[in-house]
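In order, the protein sequence lines correspond to chains X and S. Just so we're aligned, residue 1 is where the first sequence starts under UniProt numbering, counting upward by one. Just so we're aligned, residue 1 is where the second sequence starts under UniProt numbering, counting upward by one.
Keep in mind that a hint or two might mislead.
Put simply, identical chains are the same to the list, so a pair is met inside one copy or across any two.
Unchecked claim - In silico lysine-lysine, DSSO-like type, Cα no more than 27 angstroms apart, as pairs:
#, residue 1, residue 2
1, Lys145, Lys350
2, Lys145, Lys183
3, Lys296, Lys58
4, Lys145, Lys92
5, Lys341, Lys241
6, Lys125, Lys183
Don't read these hints as lab results, they were simulated from the structure.
Number of protein chains: 2
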Amino acid sequence: MPETIDLGVTADLHVHLREGKMMELVTPTVRDGGISIAYIMPNLVPPVTTIERALEYKERLQALAPKTTFLMTFYLSRELTPDLIHEAAKLKAIAGVKCYPAGVTTNSALGVDPNDFSDFYPVFKAMEENNIVLNLHGEKPSSDKEGEEIHVMNAEELFLPALIKLHDDFPNLRIVLEHCTTKAAIDTIEEINIGNRGEIKVAASITAHHLSLIVDNWAGDPINFCKPVAKLPQDKRALIKAATSGKPYFFFGSDSAPHPIHAKASHIGVCAGIYTQSLAIPYLAEVFESQGKLEKLKAFVNDHGKSFYHIKDEDLVNKDHCILVKKEQHIPEVIVQDDLKVAPFQAGGKLSWSIEWKAL
Amino acid sequence: MPETIDLGVTADLHVHLREGKMMELVTPTVRDGGISIAYIMPNLVPPVTTIERALEYKERLQALAPKTTFLMTFYLSRELTPDLIHEAAKLKAIAGVKCYPAGVTTNSALGVDPNDFSDFYPVFKAMEENNIVLNLHGEKPSSDKEGEEIHVMNAEELFLPALIKLHDDFPNLRIVLEHCTTKAAIDTIEEINIGNRGEIKVAASITAHHLSLIVDNWAGDPINFCKPVAKLPQDKRALIKAATSGKPYFFFGSDSAPHPIHAKASHIGVCAGIYTQSLAIPYLAEVFESQGKLEKLKAFVNDHGKSFYHIKDEDLVNKDHCILVKKEQHIPEVIVQDDLKVAPFQAGGKLSWSIEWKAL
């Protein structure tokens with residue numbers, strides 16, 4: 001009998017499912033990767049900024065993956081109003097609002113200026129009142145002005161004061177620093193939570209790929225290029241330590257962000273994003289096992305995220321348990337559906353763990 | 001009449017011309033780019049480690065570009081002996097020996113361990129005695145061991161103590177830190193040369209592309225990926241300041257390193273190297289002009305390098321002057337010869353300066 005671990009009803013709190021053919025390819029792979037609950041990013045073209053669009057998008061996803069629970073988000077922009085937040089909350093149309101600094105990643109051109117969030121304070125207030133989470137892509141846009149010096153390597157660290165200020169100004173707003181990549185970010189989240197015995201207000205999601213990558217791995221391998229970029233060895237170690245710590249303010253958000261292979265295999269303009277969805281839990285299991293911390297995996301992919309997001313049993317469309325099974329599998333070089341090809345993270349490699357689902 | 005600047009007999013002290021069809025394509029473009037003297041890298045497969053191979057390679061290059069003066073180099077490896085250096089010097093077969101740390105860039109698998117050069121000290125001694133230059137690819141191989149922390153962003157800075165030790169151990173050996181990319185490297189070269197009124201023993205070559213790029217520019221644009229990688233805004237500024245300073249220990253070495261476009265447009269295993277040869281001087285002119293320092297360009301591309309390398313008029317196969325002409329030109333998207341395609345630096349862009357040759 002192979003070794004198994006019951007991970008329960010798992011959650012991935014940062015998922016890109018796109019639209020069209022890509023949506024058709026990747027949406028069913030949420031469950032393939034061992035994930036039951038998926039928190040869906042709104043950076044479509046145009047972005048999701050209305051209740052109708054959120055509900056209609058969710059309906060399309062649900063049709064493609066009937067056993068997956070989808071939580072929807074708005075894209076923070078000037079189209080959002082406090083009234084819209086109140087209405088969306090009443091209808092349970094969204095669980096959160098995602099904030100993209102303008103120009104830092106895929107489809108972020110309509111994002112906001114992270115140097116000044118004050119125009120959005122009425123929206124944040126409405127979110128705080130309605131228990132809607134704020135999801136931050138925590139990077140400052142690059143600038144090579146002398147004295148400013150913002151680039152992909154320090155863009156996250158330089159964003160952290162803005163996170164702290166938002167928490168100070170909205171102490172009851174739940175905020176997630178998404179896909180954090182630096183020791184500085186981990187330290188900031190720890191500091192905010194020191195001595196807190198009440199509900200967690202500020203947390204960070206951590207991807208699978210940032211537990212494996214440093215800058216060297218995307219230099220010359222665009223398959224590993226994402227935003228925020230993977231940083232230095234000491235940053236990777238801090239992320240692994242946080243993910244495997246059992247601390248409730250760190251939880252899984254894959255930021256799985258698929259692109260057609262031709263958008264990754266180009267000498268110019270490679271799209272940022274790493275596709276991990278179809279093997280999400282096995283990728284994580286590999287890292288947790290290497291640290292001798294497999295017993296902490298369930299907390300990271302289940303308890304912490306669901307607790308932070310107040311996800312209740314009655315919100316779930318399916319209550320099957322994800323079972324991690326010690327069974328080797330090969331990672332395909334490419335995943336193909338019709339004329340669409342996507343290269344998965346660690347394409348061509350091997351993983352020690354596989355996924356099964358157990359109906360209760 | 002357009003503005004013109006006579007740059008005299010120019011030199012590019014770091015050139016990759018490859019073999020086969022790539023050699024046939026790029027060798028004539030040395031002159032297209034405004035360069036008269038080209039210092040040729042030995043990282044062929046197998047590398048250049050014998051007098052016969054150096055002379056035979058030079059002959060092939062000369063046939064393709066009769067007006068270009070070629071200076072040849074050996075690849076530092078265990079095949080080199082002091083006797084071979086003495087013999088090569090006597091025959092004027094080589095001007096320098098290039099040292100590649102194992103595994104850091106294209107065709108460097110046979111390179112040396114930069115943590116310990118002592119095995120090569122007899123070779124360095126022979127080079128010192130024979131006025132043969134040591135060309136250093138100044139990077140430590142990456143390591144993510146805790147406490148070591150070597151990655152593409154700090155690999156050059158961590159190499160600098162090895163440079164200083166070599167200079168201390170061989171004070172009369174002329175050493176070039178090739179394609180330097182960091183403020184730390186510039187500062188080290190400055191410090192070594194402070195107060196020196198004699199011959200320059202330690203210099204640095206600077207590429208055209210590192211005067212334009214930072215880490216953001218190769219994140220997502222493999223056309224801009226090279227080793228050493230472009231670093232941070234403050235590093236770029238230090239390089240520009242050094243190149244335009246008129247200080248004689250900084251000179252031009254393009255490190256133009258062509259690859260077929262399919263080796264740059266891949267989602268995995270992109271080859272390191274930027275092709276600048278065909279527009280080398282116009283790329284530089286753009287940067288120097290932006291700094292209001294065009295009057296320093298001749299020193300950078302002519303006097304400093306030729307002086308450091310002891311290049312004399314009688315060594316030249318042609319004495320035409322390179323004339324910089326203020327005349328806009330478009331950079332092609334791709335350079336094609338038969339079935340070989342190479343994407344040039346800043347493909348599809350524009351340059352304000354062109355090149356003409358004046359026979360004397």
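### Task
Enumerate the violated hints, using their earlier numbering and listing them in ascending order.
3, 4, 5, 6
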